[in-house]
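Asker: Below, each chain spelled out in residue letters.
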Amino acid sequence: MRSGIYRTQHALTAAVIAMAVIAPLVIADAYIHRLMATVVLAAVLAVSMNLVLGYGGLLALGHAGFYGIGAYTAALLSLHLGAPFLVTALAAAAAAALVAWLVARPILHLRGHYFAMAMLAIGEIVVQVAYNWDSVTRGASGLPGISQPDLIVWTAVTHRDNYYLALVLLLVAMLAVRRFVASPLGLGLIAARDDDQGAASVGIGVAQTRTLALALAAGIAGVAGALYAHYITFVSVEPFQLEQTIALLAMVAVGGMGTTWGPVVGAALLTLLPEVLRDFAELRMVIYGALLMLVVWLRPQGLLGRGPSRWGLKLPGRTRPEPSAASDAPALASVVAAPVSGPALDGAATEAATATDVAPARAAPTVLTVPEPAPTGVPLLRVEHLTKDFAGLRAVSDVSLEVAPGEIVGLIGPNGAGKSTIINLISGAHRPTSGRIWFNGQDITNSETSRVARAGLVRTFQHIRLFRSLTVRQNVEAAYQVRLGLSLLSVMTRSRRYREAMEEMRVAVDEALALFGLEGVQHQLAGTLSYGDQRRVEIVRALVTQPRLLLLDEPAAGMNEAESAELAQFLREIRQRHSLSIILVEHHLDVVMEVCDRLIVLDHGTVIASGRPDEVVRHPEVLRAYLGGSA
Amino acid sequence: MAAVTLPVLIDQLVSGLAIGGVYALVALGFALIFGVLRAAQFAHGEVYMVVAFLVLAVLPWFPALGALQFLLVIVAAAVFGAIAGMLIERGVFRPLADAPHIAPIISTIGLMILLQNLVAYLKGSELHRFALAWPQGNVPVGPASVPVLKLVIFGTALVIPALLQVALARTQLGRAIRATAIDAETARLMGVNTARTSLVAFAIGSALAGIAGVLVGALYGVVYSTMGVTALVKGYAATIIGGVGNLVGAVAGGLLLGIFEVFVASYVSPRWTDAIVYTLLIVLLALRPQGLVGRAIPEKL
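First to last, the protein sequences are chains L and V.
Each residue of the first sequence is one higher than the one before, starting from 29 at the first, in this note's numbering.
Each residue of the second sequence is one higher than the one before, starting from 251 at the first, in this note's numbering.
Among the clues, some could well be false.
Stated by the list, open to error - Facing chain L, from chain V, some residues (calculated, C-beta under 10 Å):
no., residue
1, Phe284
2, Pro345
3, Ile355
4, Gln366
5, Ala412
6, Tyr517
7, Asp524
8, Ile532
Unchecked claim - Between beta-carbon pairs, the in silico distance windows are:
no., chain 1, residue 1, chain 2, residue 2, range
9, L, Val49, V, Asn443, 56 to 66 Å
10, V, Gly374, L, Tyr59, 49 to 59 Å
11, L, Gly32, V, Ala347, 54 to 64 Å
12, V, Leu259, L, Leu300, 47 to 57 Å
13, L, Gly420, V, Ser375, 48 to 58 Å
14, V, Ile333, L, Ala590, 51 to 61 Å
15, V, Ile333, L, Gly32, 47 to 57 Å
Everything labelled a hint here was simulated from the structure, so no lab data went into it.
Yeah, the Cβ is synthetic: ideal placement off N, Cα and C, and Gly gets one too.
Start from the sequences, fold in the hints, and give me the full structure.
Answerer: Written as structure tokens, this is what we have:
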């Protein structure tokens, strides 16, 4: 059935391309050819912007700037060195990608509007430089006399020639974006869009992935700029201003962000609209603006935008399940109990054994590989004198603790005791005010979350942070792919190593999903699962990164007694199977008592007791903290 | 380049504070709307432009009686701005409340294009003279003599945010707006009528943009159909410098940006001012991602 859909899609794609090739041969009108070339050039820009905006979720308000960098690079090389189009196009791509890369590195950790502002600033700088650097760019008068696109054996002369050239560029750009997005790197990009903290928690280098996407998008825009310069044979500032970026933004959004064809459709519509409205003369842009508003009102997710859930559009009766503790308890599928269509845990273990038997093609079953044990006697995690102040409030005060390899440590205490803050500090989400954190012999005190995760210290969250627009399987793959360390080149060329890595991932993820009874729901969107299943996906997602230490922040929140008992069982099993250590923050004392080798009790940000669970719960300080008074 | 003397410095500072005051009002309105609706109003600059044109149209009816005319102009700008804001909130933002975040952005971009071209169609795209009877002339400030107009603009840009700050802190509605800005969901659960607060926030934010529009008209003596774009970009930058969601920061960011621009233009290069300002903005963002004035608020995980 799936392949049937694919066949239809491929046939449709082939038909569209065939029409795009044949149309200008049938319609012999230079005006139409010029329009078509303009549409296709805009589509190249929209497709590249879509990579950053649609899949990356980043408001790329400087995209026209990269287009401008490409155009001016090509123009200058052509005018001063007489470089042919092929050379200038490559140089344009390199220049735009380089600027994107250089500027992006320091600012890509920025969120939302801060990032948008930084991008807008880049776009403005390009315009200002082009406009004011008279001796090089000739300012407002521009650079005329650029050679026509020359491909050694053939030169694009007419509008139609240039149209075909742009069409080739568009297809290459679409293929490049498609390959990136469908690759593990693309999964990382989308995961970071859905939840950047969640992505970092499993080791995805959010800034690195975004830099790569931005550089690729800028490179494509740069080539488009080069083609524009050689096609028009003249460049000046106008086409690269903020207005162009805004037009591109509208094209991508109207067509459908994060879709393959959306930007192309949007580019065609919004480029042709002013032409269609030509009879209205000066009023045409007024109508253009009104129509833009109308389209957004009718279809906020864009013309080709898929299901409402993808963009979190809440329609009546389609609200997604929020993991709130109070409401979901009765309806929960428990963490370890069988999901609707999966085997129960006991069954899962057997299932896993079978899965390993069935898939022995790979020499080492990757998910089950146990990281080489840390030297015994040395603590896996050592926290020394950790203190954290929030604007005058001391949330954590001089906390020291150790976790041995293979140990399950419970972190308990009343609300506001500082438990979650400690998890946030250890996992690199927050920076400590003072103190040091050592993990596996490394000082990780001020390391970023993703780096900490790659070192083998992985956390889950009190409020589940899954990648909602990805399926269960893709959630797990997004975490698994980090260790593959694929390069942009291997993704673009689909090299042998890339295909091997993909196969390795497929086998390993199959295995992990089977092991935890999730294969029945693997193609469902993660956000649509029951709360209990979401918890399980989050833990599986953490486990496939092969952590040595797992930080679980209230995994049993909102569970009833039976469910938390099963969770306890589940935690002991994964500890055994993966020989890892666990720090468990939990309010359910039954779970804590059951699984923990040792308890650390916090109150008001300090450790008040530590030891074997049965001893600790009798400790007078602990009783006082929990029950109050002078018990 | 003028010699650096105290009178020159004072003159430059006052110029910076005047244009910075305009940025501050735009930024404050932008930040207020952003805080309550969590959505960027890209047609904010067009409110500023349209109100300036509307006030220009009714200006002949106001008595040219010095400060009275100025006061009437400010009130008219606030009223026109507030009406425009409420229309935009009801017509554009409310219907897209549950839509993807990008939807209201694109819709306001549509509105921006629509309004710009509509005004150009109706009034032409040339510069229109915008002259007020008051304030005129100069007044001595220390050793310098500076235009009263600039001082009045700066004063207006200080008084209005101060009044707003008091209103937000002291009144029931003000507290409701602040609560909605911090956490709309919780505010709703606590009985705040968030539909009304967002309408009010939009009205106030757009009134601020309208006032900024007439002030900049008075400052430069002209208004034109594309003046909103600069206002949007500068207001956006000021909001970012101050730290998103920080109203005091937005005002501080606007004033800083204005002063900085004037000094760069005077002592470095008028031509390269924008390029330098944007470069420093990127550096600032790299070093202090939470803005110059803002404080990093740790996210609840």
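Asker: All the hints need checking, so say for each whether the structure fits it.
Answerer: Okay, the hints, checked on the actual structure:
1. The interface hint given for V:Phe284 is met, as the beta carbon of that residue sits about 8 Å from the closest beta carbon of chain L, less than 10 Å.
2. Nearest Cβ of chain L to the Cβ of V:Pro345: about 6 Å, under the 10 Å cut. The hint holds.
3. Taking 10 Å as the C-beta contact cut-off toward chain L, the hint placing V:Ile355 at the interface holds, the least distance being around 8 Å.
4. Given the 10 Å rule on beta carbons, the hint for V:Gln366 holds: about 8 Å separates it from the nearest Cβ of chain L.
5. Checking V:Ala412 against chain L by beta carbon gives a least distance of about 25 Å; that is not within 10 Å, so the hint is violated.
6. Taken as an interface hint, V:Tyr517 does not check out: its beta carbon lies about 17 Å from the nearest beta carbon of chain L, beyond 10 Å.
7. The beta carbon of V:Asp524 is positioned within 10 Å of a beta carbon in chain L (closest approach about 5 Å), and the interface hint is therefore held.
8. A distance limit of 10 Å between C-beta atoms decides the matter here; for V:Ile532 the minimum to chain L is near 5 Å, and the interface restraint holds.
9. At roughly 58 Å, the beta-carbon separation of L:Val49 and V:Asn443 lies within the given 56 to 66 Å, and the hint holds.
10. Distance hint check for V:Gly374 and L:Tyr59: the Cβ-Cβ separation is about 29 Å, which falls outside the suggested range of 49 to 59 Å.
11. The hinted range of 54 to 64 Å is not satisfied by L:Gly32 and V:Ala347, whose Cβ atoms lie roughly 39 Å apart.
12. Checked against the given bound of 47 to 57 Å, the beta carbons of V:Leu259 and L:Leu300, roughly 55 Å apart, stay inside it.
13. For L:Gly420 paired with V:Ser375, a C-beta distance near 54 Å keeps the hint of 48 to 58 Å intact.
14. Between V:Ile333 and L:Ala590, the C-beta spacing of about 59 Å keeps the proposed range 51 to 61 Å intact.
15. Distance hint check for V:Ile333 and L:Gly32: the Cβ-Cβ separation is about 56 Å, which falls inside the suggested range of 47 to 57 Å.
When held up to the earlier numbered hints, the structure conflicts with 5, 6, 10 and 11 and fits the remainder.
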